[in-house]
Amino acid sequence: MYTKELYITRIKLIALSRIRQIVDSVKERPAEYRKDTREYLEAMYEGISYMRPERLAEVVNTVHESYVEANMDDDGCVADSLMMIALAEYQNELGEENIYDLGWNSWVEDFFRTAIA
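Oh and the sequence shown: position 82 is 82 in this note's numbering, straight run, nothing missing.
Rather than coming from a laboratory, the hints here were simulated on the basis of the structure. A couple of the hints might just be wrong.
Per label pair, the in silico range of CB-to-CB distance [what the hints assert, rightly or not]:
id, residue 1, residue 2, range
1, THR3, ARG38, 31 to 37 Å
2, ASN61, VAL23, 23 to 29 Å
3, ARG52, VAL23, 23 to 29 Å
4, SER106, LYS4, 24 to 30 Å
5, MET72, LEU13, 18 to 24 Å
6, ARG52, ARG20, 27 to 33 Å
For each residue, glycine too, the CB sits at the ideal point set by N, CA and C.
Please construct the entire structure, taking both the sequences and the accompanying hints into account.
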């Protein structure tokens, strides 16, 4: 079992790694993704990278606790939720309707796929 600090770092690294994997996928198959995907991914990466430690801890712990309550304790799900929060915060900065306002309830990567979007 991880200490809380190590767990938060683990989730952050999983989220950042997953964002980079999606960026690579966009490079390989750009037609499968919305045109603005790279811009959003870069903003999400930056948002998570520079998130204040207190805010990161609050987000990760809150999300993790809600998944535990739902018997869905999975690091990938927690990291995906962190990515969604970073995306929503960026969309709010742009004055756009955010991913939550749109009622999105699937993996964040699917939000960017042209076949689904």
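Hints versus structure:
1. THR3 to ARG38: 31 to 37 Å: holds (35 Å)
2. ASN61 to VAL23: 23 to 29 Å: The hint (23 to 29 Å, Cβ to Cβ) holds, given that ASN61 and VAL23 are roughly 27 Å apart.
3. ARG52 to VAL23: 23 to 29 Å: holds (24 Å)
4. SER106 to LYS4: 24 to 30 Å: holds (28 Å)
5. MET72 to LEU13: 18 to 24 Å: holds (20 Å)
6. ARG52 to ARG20: 27 to 33 Å: The hint (27 to 33 Å, Cβ to Cβ) is violated, given that ARG52 and ARG20 are roughly 22 Å apart.
Of the numbered hints listed earlier, the single one contradicted by the structure is hint 6.
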